[in-house]
Amino acid sequence: MKTALFPLVAKQAMVRRRGKVLVGPIDLTLEGRGTTVVIGPNGAGKTTLLKMLHGIVRMNGGALEWACSREEAQRRQAFVFQTPIMMRRSVVDNIAYPLQLIGVARAEARARAALWAEQINLGDALDRQATLLSGGERQKLALARALIREPDLLFLDEPCASLDGRATREIEEILLRAAASGTRLIMSTHNMGQAQRLADEILFVLQGCIHEFSLAREFFEGPKTTQAHAFLRGDIVE
Amino acid sequence: MADLLDGMLRAFWLVVTLDSDLVEITLRSLRVTLTALAVASAIALPFAALLAVRRFRMRRITIAVLNALMGLPPVVVGLIVYVFLSRSGPLGVMGLLFTPTAMIIAQVIIIVPLVASIAHQSLRELWSDYHDLLISMNASQGQRIKALLWDGRRALLTAALAGFGRAIGEVGAIMVVGGNIDHATRVLTTAIALETGKGDFAMALGLGFVLIAMAITVNLAIHWLGHTESEGRW
Amino acid sequence: MKQLLLGTITGLLLTGAAWADEMKLAVTTSFHNSGLAEILLPEIKADLDLDVQLLVVGTGQAIRLGEAGDVDAILVHSQKAEEKFLAGGNGTHRREIMYNDFVFIGPKSDVAGVAAAKDAASALQLIAEASAPFVSRGDDSGTHKKELSLWAAAGLDAAGFDSWYRAVGAGMGAALNTASGMEAYIMADRASWLNFGNKGNLELLFAGDPVLFNQYAYLPVNPEKHSHAKNDLAMKLEAWLTSDRAKELINAYKINGETLFVFNAKQ
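Residue numbers (numbering that gives the first Met the number 0), protein chains in the order written: chain R, 0 to 237; chain V, 0 to 233; chain Z, 0 to 266.
Honestly, the hints are just simulated from the structure, not real lab data.
From a predicted model like this one, the values you see are computed outputs, not experimental measurements.
Idealized CB from N, CA, C, for every residue including glycine.
Any given hint could turn out to be false.
[Unchecked claim] Partner residues aside, some chain V positions facing chain R, computed with beta carbon under 7 Å:
id, residue
1, Ser135
2, Asn137
3, Ala138
Given the sequences, and given the hints that come with them, work out the whole structure.
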């Protein structure tokens with residue numbers, strides 16, 4: 000029986016760079032179920048918030064606590080970046096890499112990676128250099144690479160930002176499958192349709208602070224704040 | 000001008016007749032330089048990777064010093080190694096002076112800064128790419144270095160080949176620590192120096208052309224083994 | 000493929016085994032340029048089964064190698080430096096082996112008229128008066144020291160010369176190359192001159208004055224100062240170098256029909 004990862008509690012968490020506050024102070028409690036979608040205008044601090052929760056951005060104030068130890072928590076999460084980072088190796092070696100990091104034998108890692116590659120429709124491109132893939136293919140690869148270790152928590156930073164409809168659909172399918180099998184998803188997006196399709200709860204971020212945090216259905220039927228209203232309408236919100 | 004033509008003919012003749020002296024000193028040149036390259040790479044490449052991923056206070060100074068050491072005059076290195084290996088010196092008992100091993104030691108010292116500097120620059124760029132990903136995946140320091148060294152291997156090859164070029168043409172240091180002893184420590188470059196000193200320019204040029212041809216061959220061989228420029232690889 | 004490469008590398012690394020006795024002898028560039036070593040070394044190998052490894056360096060460096068104990072014996076041609084070497088306890092003794100001579104080389108045009116000089120001192124005075132370009136070894140070698148002593152004997156101070164006097168700080172061959180390139184006068188040992196491959200417009204203008212006599216001596220390194228020095232082999236070599244066989248080979252050695260060295264060891 001694995002120890003619980005959640006709840007994740009942020010107390011007065013803050014990230015400051017060059018004198019400017021990017022995120023915070025934030026008080027937030029995230030439970031262990033479902034999909035949380037972070038929305039907000041550009042520059043609101045969505046990316047920084049996600050990276051802060053994941054632990055790859057240094058906090059300048061406050062605290063972040065998991066239900067288990069930090070080391071344990073770090074092992075059970077993954078992150079998909081807005082611009083996917085391709086390692087300069089083949090598709091199958093890219094996907095297999097996280098397994099090799101935890102000591103899985105090379106042959107087995109590659110076999111499991113090949114299965115995942117099939118699932119994301121890159122089964123016949125196993126030995127192609129990952130840097131030669133298209134944008135959509137890269138993002139799918141990044142997703143497969145993030146999911147291959149079956150993380151309990153997956154962060155995604157605007158995963159479909161520069162993708163076409165088909166690629167977006169494929170990625171959303173994978174995400175829904177992952178969510179259905181119990182993976183906690185915390186992702187940001189600009190696509191309100193996508194937010195409605197995937198979210199169980201919504202985090203509306205404005206100027207580095209959490210403006211609204213509610214269940215998705217409630218949010219989309221009637222947001223509580225005027226800025227959220229304006230944002231959903233498509234106005235420019237600062 | 001006549002010397003150049005003469006030199007080319009000499010080179011051609013030496014190679015075609017497989018002149019035994021030429022074969023001996025060419026093999027010795029290769030042995031000394033390739034060994035020095037292997038040892039220097041084993042030191043310089045991991046060091047360059049470590050320097051790229053690890054943040055520490057003296058990093059900027061370390062990088063600057065490393066870059067500056069590329070300009071170390073080889074003959075100065077030779078003299079310092081001589082002083083250490085001389086019978087009157089601290090390591091004299093090892094009896095390494097005037098042996099190919101002493102030449103290898105001197106060449107290693109000369110090319111490590113070069114290989115490390117070039118490798119470090121490209122590994123740093125690669126690291127700035129991989130940084131977020133590898134940290135997110137919780138890769139340990141050793142795992143990060145391994146990933147950089149493996150994925151960056153083409154650039155590392157360039158660094159190594161630069162080191163090879165520097166070493167194969169080096170003459171000052173190995174003259175001092177090797178002594179240019181016939182049938183023991185004479186290599187192509189020291190033989191060229193000798194022939195030049197004797198005024199036999201045609202022979203010196205001939206050996207020079209052989210040296211150039213050999214360097215090109217080694218480089219081509221390494222590129223071929225490394226499958227550079229083949230389909231889909233850069 | 001990788002196996003082949005590995006095998007070759009290992010093979011190359013192992014080709015270091017030697018079975019004969021071997022010793023290190025520091026000799027001067029002048030001696031080496033004469034080509035006599037190519038005659039003597041194979042005979043030494045055949046007669047004594049001894050591999051003499053020659054380090055061809057300037058006299059100054061040869062002396063330093065002897066002092067440091069990095070060689071087993073030295074063969075140089077500068078009596079003052081040799082006596083200083085012995086005074087410092089670095090060598091056991093000095094044994095004269097042979098001599099050759101120094102000659103004055105210069106451009107065919109001979110602006111200073113050296114060819115007609117009656118002795119070495121006047122030849123040098125002519126060069127100084129004409130301010131003709133003159134290349135000096137400038138490297139503290141036996142040849143260089145000899146040259147300086149000749150200037151002194153001619154009543155001239157080399158340190159006070161103008162730019163026509165060019166000290167290059169190099170070995171005999173390199174200095175000859177420079178003289179050839181500048182069409183300058185130079186003092187060289189006859190052997191190096193005869194064997195020199197880049198004569199250009201230079202030719203031998205003056206020789207024969209007894210003061211140009213150049214004595215080579217053999218000095219074994221002192222085993223009391225350097226216990227690892229192979230003194231037994233050094234003595235074996237000395238015995239050979241002063242034997243009748245060596246006398247025969249040295250006196251018979253010619254370049255273009257000219258003998259170079261005269262054997263004068265006391266047997």
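query = Hint numbers the structure violates, sorted upward?
reply = none
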